[in-house]
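Trainee: Sequence:
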Amino acid sequence: YRYANNDMADLEAQLQAADKAGMRFKLVATDGVFSMDGIVANLKGICDLADKYRAIVMVDDSHAVGFMGRHGRGTPEYCGVEGRVHILTGTLGKALGGASGGYVAADASVVELLRQRSRPYLFSNTLAPGIVAASLQVLALLQSPEGDALREKVHANGRQFRNAMAALGFELVPGEHPIIPVMLGDAQRASQLADAPRHRRLRNRRPAVRRNLIRNGARRP
Numbered sequence: 001y002r003y004a005n006n007d008m009a010d011l012e013a014q015l016q017a018a019d020k021a022g023m024r025f026k027l028v029a030t031d032g033v034f035s036m037d038g039i040v041a042n043l044k045g046i047c048d049l050a051d052k053y054r055a056i057v058m059v060d061d062s063h064a065v066g067f068m069g070r071h072g073r074g075t076p077e078y079c080g081v082e083g084r085v086h087i088l089t090g091t092l093g094k095a096l097g098g099a100s101g102g103y104v105a106a107d108a109s110v111v112e113l114l115r116q117r118s119r120p121y122l123f124s125n126t127l128a129p130g131i132v133a134a135s136l137q138v139l140a141l142l143q144s145p146e147g148d149a150l151r152e153k154v155h156a157n158g159r160q161f162r163n164a165m166a167a168l169g170f171e172l173v174p175g176e177h178p179i180i181p182v183m184l185g186d187a188q189r190a191s192q193l194a195d196a197p198r199h200r201r202l203r204n205r206r207p208a209v210r211r212n213l214i215r216n217g218a219r220r221p
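The sequence shown: position 69 = 69 (my numbering), numbered continuously.
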């Protein structure tokens, strides 16, 4: 059963259909932040429906852990649903600073089941000790005053960028997340804008995003 992106009415319809079909177990899976738009999922609505239809909730928080929420605990903290998300996954390769790796946070029984049955886990290599050590240090940093200051800097930079781009007349996807899509509507223009910083010897890590990755033929750098 697949529900329309962040659409609570459709999610409820799919949960009702699953009940009607006699499904014993229901799991609602969502991104905490939809990475192509920077839109935060409606986790409160999702958790409310999960409670109503006796489903469990899984959130991939790769684009939120570390800097969303007062203490950087991600979208469950940001949306006020800590303790209501049953399975939380994330990456060590973004805000936590690692080059690779990730994690699953859940009840011990769920984690043990995944250790025994998850094929990606069974057939992957262990993390380098240096990445593990660095990630643990970052997690400690996030709970410190320095972590608070770094989080505020990320959001302040995002607000500054959003305000400046809006003042220049660019169309932006509304939101509060530091992922800020700039909508251009044309692949060639998107490529040209993405290449412009390089020509000025400015670092640009991301290429333009084209139609095959996003909805409705939109274009963004």
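The reader is advised that the hints may include incorrect statements.
Quick list of in silico lysine to any residue cross-link-like pairs, SDA-like style, CA-CA up to 20 Å [unchecked claim]:
#1 Lys94 <-> Ile56
#2 Lys52 <-> Ser35
#3 Lys52 <-> Thr89
#4 Lys44 <-> Asp7
#5 Lys44 <-> Glu12
#6 Lys52 <-> Val111
#7 Lys26 <-> Val111
#8 Lys26 <-> Leu141
#9 Lys94 <-> Lys44
#10 Lys94 <-> Phe170
#11 Lys44 <-> Gly80
#12 Lys94 <-> Leu27
#13 Lys94 <-> Ala164
#14 Lys44 <-> Asn6
#15 Lys26 <-> Ala106
#16 Lys52 <-> Leu113
#17 Lys153 <-> Ala164
#18 Lys44 <-> His86
#19 Lys153 <-> Phe123
#20 Lys94 <-> Glu12
#21 Lys52 <-> Ala18
#22 Lys20 <-> Lys44
#23 Lys153 <-> Pro178
#24 Lys52 <-> Arg84
#25 Lys44 <-> Thr89
#26 Lys153 <-> Gly169
#27 Lys26 <-> Glu77
#28 Lys20 <-> Ser35
#29 Lys153 <-> Leu113
Cβ-Cβ distance ranges computed for the label pairs, FRET-style [said to hold, decoys possible]:
#30 Tyr103 <-> Lys26: 22 to 32 Å
#31 Gly130 <-> Asp19: 26 to 36 Å
#32 Ala167 <-> Gln192: 31 to 41 Å
#33 Arg2 <-> Ser35: 29 to 39 Å
#34 Asp10 <-> Gly97: 18 to 28 Å
#35 Gln160 <-> Ser109: 19 to 29 Å
#36 Tyr103 <-> Tyr1: 44 to 54 Å
Hints are computed from structural coordinates only; laboratory data are not their basis.
Ideal Cβ placement from N, Cα and C applies to all residues, glycine included.
Trainee: Hints first: check each against the structure and report whether it holds.
Mentor: Against the structure, the hints come out as follows:
For the suggested pair Lys94 and Ile56, the alpha carbons sit about 26 Å apart, so the restraint of at most 20 Å is broken. At roughly 28 Å between alpha-carbon atoms, Lys52 and Ser35 are farther apart than 20 Å, so this suggested pair is violated. About 23 Å separates the Cα atoms of Lys52 and Thr89, which puts this hinted pair outside 20 Å; it is violated. Only pairs whose Cα atoms come within 20 Å are accepted, and Lys44 paired with Asp7 is accepted, the gap being roughly 12 Å.
The straight-line distance between the Cα atoms of Lys44 and Glu12 is roughly 13 Å, inside the 20 Å bound, and the hint therefore holds. Between Lys52 and Val111, the direct Cα distance comes to roughly 25 Å. Violation of the 20 Å bound is thereby established for this hinted pair. This hinted pair checks out: Lys26 and Val111 have alpha carbons roughly 18 Å apart, not beyond 20 Å. Under the criterion of a C-alpha separation no larger than 20 Å, the hint pairing Lys26 with Leu141 is inconsistent with the structure, at around 36 Å.
Under the criterion of a C-alpha separation no larger than 20 Å, the hint pairing Lys94 with Lys44 is inconsistent with the structure, at around 25 Å. Of the pairs offered as hints, the one joining Lys94 and Phe170 is violated, with about 27 Å between alpha carbons and a cut-off of 20 Å exceeded. Restraint check for Lys44 and Gly80: the C-alpha separation of about 7 Å stays at or below 20 Å, so the hint holds. In summary, the hint linking Lys94 to Leu27 is not supported, as the alpha carbons are separated by about 26 Å, beyond the 20 Å threshold.
Annotation: proposed proximity of Lys94 to Ala164 is violated, straight-line Cα distance about 25 Å (limit 20 Å). With a C-alpha separation of about 11 Å, the suggested pairing of Lys44 with Asn6 holds against the 20 Å cut-off. A hinted pair counts as satisfied when its Cα atoms are at most 20 Å apart, and Lys26 with Ala106 qualifies at roughly 16 Å. As the CA atoms of Lys52 and Leu113 are separated by approximately 26 Å, the hinted pair breaks the 20 Å bound.
For the hint linking Lys153 to Ala164, the alpha-carbon distance of about 16 Å falls within 20 Å, and the restraint holds. Taking the CA atoms of Lys44 and His86, the gap is about 13 Å. The hint holds against a cut of 20 Å. With a C-alpha separation of about 39 Å, the suggested pair Lys153 and Phe123 falls outside the 20 Å cut-off, and the hint is violated. At most 20 Å may separate the alpha-carbon atoms for a hinted pair to count; Lys94 and Glu12 exceed this at roughly 32 Å.
The suggested pairing of Lys52 with Ala18 holds, with an alpha-carbon distance near 13 Å, which does not exceed 20 Å. A C-alpha spacing of about 24 Å is found between Lys20 and Lys44, which places the hinted pair above 20 Å, so the restraint is violated. Our distance criterion of 20 Å between C-alpha atoms is met by Lys153 and Pro178, whose separation comes to about 11 Å. With a CA separation close to 13 Å, the supplied pair Lys52 and Arg84 stays within the 20 Å bound.
At most 20 Å may separate the alpha-carbon atoms for a hinted pair to count; Lys44 and Thr89 meet this at roughly 18 Å. In summary, the hint linking Lys153 to Gly169 is not supported, as the alpha carbons are separated by about 24 Å, beyond the 20 Å threshold. Between the alpha carbons of Lys26 and Glu77 the distance comes to roughly 23 Å, so the proposed pair goes past 20 Å and is violated. Of the pairs offered as hints, the one joining Lys20 and Ser35 is violated, with about 33 Å between alpha carbons and a cut-off of 20 Å exceeded.
Annotation: proposed proximity of Lys153 to Leu113 is violated, straight-line Cα distance about 39 Å (limit 20 Å). Between Tyr103 and Lys26 the CB atoms are about 24 Å apart, so this pair conforms to the stated range of 22 to 32 Å. Checking the proposed 26 to 36 Å range against Gly130 and Asp19 shows it is violated: the Cβ atoms sit about 48 Å from each other. As the Cβ distance of Ala167 to Gln192 is approximately 21 Å, the hint placing it in 31 to 41 Å is violated.
Taking the beta carbon of each, Arg2 and Ser35 are about 18 Å apart, not inside 29 to 39 Å as hinted. Roughly 37 Å separates the CB atoms of Asp10 and Gly97, a value that falls outside the hinted 18 to 28 Å. For the pair Gln160 and Ser109, the beta carbons lie near 45 Å from each other, so the given range of 19 to 29 Å is not met. Hint check: Tyr103 to Tyr1, Cβ distance near 27 Å, so the stated range 44 to 54 Å is violated.
The structure fails to meet hints 1, 2, 3, 6, 8, 9, 10, 12, 13, 16, 19, 20, 22, 26, 27, 28, 29, 31, 32, 33, 34, 35 and 36 from the earlier list, while all remaining hints are met.
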